[in-house]
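From first to last, the protein sequence lines stand for chains A and B.
For the first sequence, numbering that gives the first Met the number 0 assigns the number 0 to the initial residue and increments by one for each residue that follows.
For the second sequence, numbering that gives the first Met the number 0 assigns the number 0 to the initial residue and increments by one for each residue that follows.
Don't read these hints as lab results, they were simulated from the structure.
Idealized CB from N, CA, C, for every residue including glycine.
No false leads were slipped in.
Covered stretches of chain B, as calculated for chain A (at least 3 residues, CB under 8 Å):
#: 1; stretch: 30-41
#: 2; stretch: 51-61
#: 3; stretch: 65-71
Cut-off 35 Å, straight-line C-alpha distance, at most; resulting in silico cross-link-like pairs (DSBU-like, lysine-lysine):
#: 4; chain 1: A; residue 1: K245; chain 2: B; residue 2: K142
#: 5; chain 1: A; residue 1: K192; chain 2: A; residue 2: K245
#: 6; chain 1: B; residue 1: K142; chain 2: B; residue 2: K55
#: 7; chain 1: B; residue 1: K55; chain 2: A; residue 2: K245
#: 8; chain 1: A; residue 1: K192; chain 2: B; residue 2: K142
Label-pair distances were calculated between CB atoms; the ranges are:
#: 9; chain 1: A; residue 1: P183; chain 2: B; residue 2: D149; range: 25 to 33 Å
#: 10; chain 1: B; residue 1: R12; chain 2: A; residue 2: R34; range: 16 to 24 Å
#: 11; chain 1: A; residue 1: G148; chain 2: B; residue 2: D74; range: 12 to 20 Å
#: 12; chain 1: A; residue 1: R207; chain 2: B; residue 2: D149; range: 29 to 37 Å
#: 13; chain 1: A; residue 1: A49; chain 2: B; residue 2: T13; range: 16 to 24 Å
#: 14; chain 1: A; residue 1: A97; chain 2: B; residue 2: G1; range: 34 to 42 Å
#: 15; chain 1: A; residue 1: P183; chain 2: B; residue 2: T13; range: 34 to 42 Å
#: 16; chain 1: B; residue 1: G159; chain 2: A; residue 2: G148; range: 32 to 40 Å
#: 17; chain 1: B; residue 1: D149; chain 2: A; residue 2: Y175; range: 25 to 33 Å
#: 18; chain 1: A; residue 1: E30; chain 2: B; residue 2: T13; range: 17 to 25 Å
#: 19; chain 1: B; residue 1: R12; chain 2: A; residue 2: G29; range: 17 to 25 Å
#: 20; chain 1: B; residue 1: D74; chain 2: A; residue 2: R240; range: 20 to 28 Å
#: 21; chain 1: B; residue 1: D149; chain 2: A; residue 2: R74; range: 38 to 46 Å
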Amino acid sequence: MSGFDWAALEERGPDCPAEFDLERLHLGLGEPAQRSALQAHVDGCEDCAAHMARLGAGFDIAPEVDERALLAGVRRRMDEAPRRAPWWRWLLLPALAAAGFAVWSLRPAPPVETVPDGPRFKGGLAMTVHRQVGLRSEQMVSGDRFAPGDRLRLVIDLPLPGRVAVWGLEAGGAVYRAWPFESPWVELPAGRKQALPEALELDDALGREVLGLVFCPGDRAEPTCEAADGLVCAAGCEVVRFELDKR
Amino acid sequence: MGLTGEQIARLFRTFGPLIFQRALRLLGHREDAEEATQEVFVRVLRAADDYDDREKMHHWVYRITTRYCLNQIRDRKRRSALMQQHGPRAASLVTRRSPSAMMTLRALLAMAPEDQAQAAVHVLLDGMSRSDAAEEMGISRRKVGRLLDDFRAFADRHAGTAEERAS
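Based on the provided sequences and hints, a complete structural model is requested.
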């Protein structure tokens with residue numbers, strides 16, 4: 000086994016400043032003495048001078064890029080940002096609630112579920128969320144305030160063996176799979192307090208976000224979700240939701 | 000956000016190219032970098048509380064671009080698309096690194112544990128000191144060192160698999 004060719008990644012010398020610092024120099028940030036020292040390095044370093052020249056060229060380094068089209072795309076995305084609900088939505092709520100109750104009260108008896116083989120225990124599906132703070136973690140409750148970059152550990156109770164995934168619904172309505180990272184789901188046995196491997200790291204999109212533990216007993220359904228005015232997940236699966244207030 | 004169109008355009012002229020070039024280096028494909036530029040810039044505007052503080056704005060730009068691109072690399076569906084789009088010509092506009100080495104590295108960043116991947120981007124790609132990377136990640140310098148050691152060991156162990164995925 001030859002291993003990874005680390006030399007192929009080397010772009011600048013070991014004494015060269017970080018890209019972040021070269022960007023600061025490009026933006027004119029930092030104390031004058033810092034800037035002078037960086038500039039002196041750049042003046043004597045072909046690689047860093049080339050990097051600075053690229054930064055100075057901006058979008059012009061790629062002739063195909065249309066800056067105006069990108070800016071138009073930015074404006075379009077900003078316009079798509081959370082729209083306010085119409086005022087008459089509140090008038091619809093009582094009517095929808097009444098209709099929902101009528102449908103519920105007239106529903107047929109549910110079919111008897113065949114229970115997959117395997118160990119069972121008393122109790123239901125549950126998920127607790129723990130935020131890592133340094134070397135320890137604190138248990139959070141749904142609706143708590145979180146920040147971008149927070150690292151979360153999830154601990155779940157499963158009443159039956161089955162397929163598990165965790166899905167997220169962003170404030171902007173986008174749905175994404177939060178866990179697992181490498182496969183669509185993971186099959187887990189029944190049991191309490193099962194810590195899911197790998198921490199989730201919250202991204203920088205702010206607002207109220209929902210994490211949904213999606214559990215499909217046995218091996219019949221796939222724990223997938225989609226956005227449809229909320230987090231809507233596959234039939235035959237149960238969902239436990241946890242709300243994050245990201246600020 | 001309370002910004003006028005002219006203010007948004009001015010901020011975009013300043014920070015948009017930084018996002019684009021960084022995304023192009025990390026993702027290796029122009030269209031992905033353009034998408035990243037728009038998405039990251041909007042997120043920066045939402046995250047920042049003082050648009051006149053260029054220090055803070057630059058920090059948000061660096062942080063959000065890194066996380067966004069790393070998430071793109073690690074996302075399973077996006078990853079297969081990225082692996083199919085070599086784009087060496089586009090990436091060579093912003094880096095002299097070997098395109099094939101970058102493809103392999105992207106596969107390794109996708110396969111490695113998340114915190115190792117993040118440390119690798121800060122230190123091995125961006126040239127950050129371990130102290131600065133530790134501050135950026137909110138962990139100790141020693142922990143960054145351990146993550147890098149682990150990532151290097153992981154990369155050496157899985158280089159063959161990563162090269163296969165990248166090719």
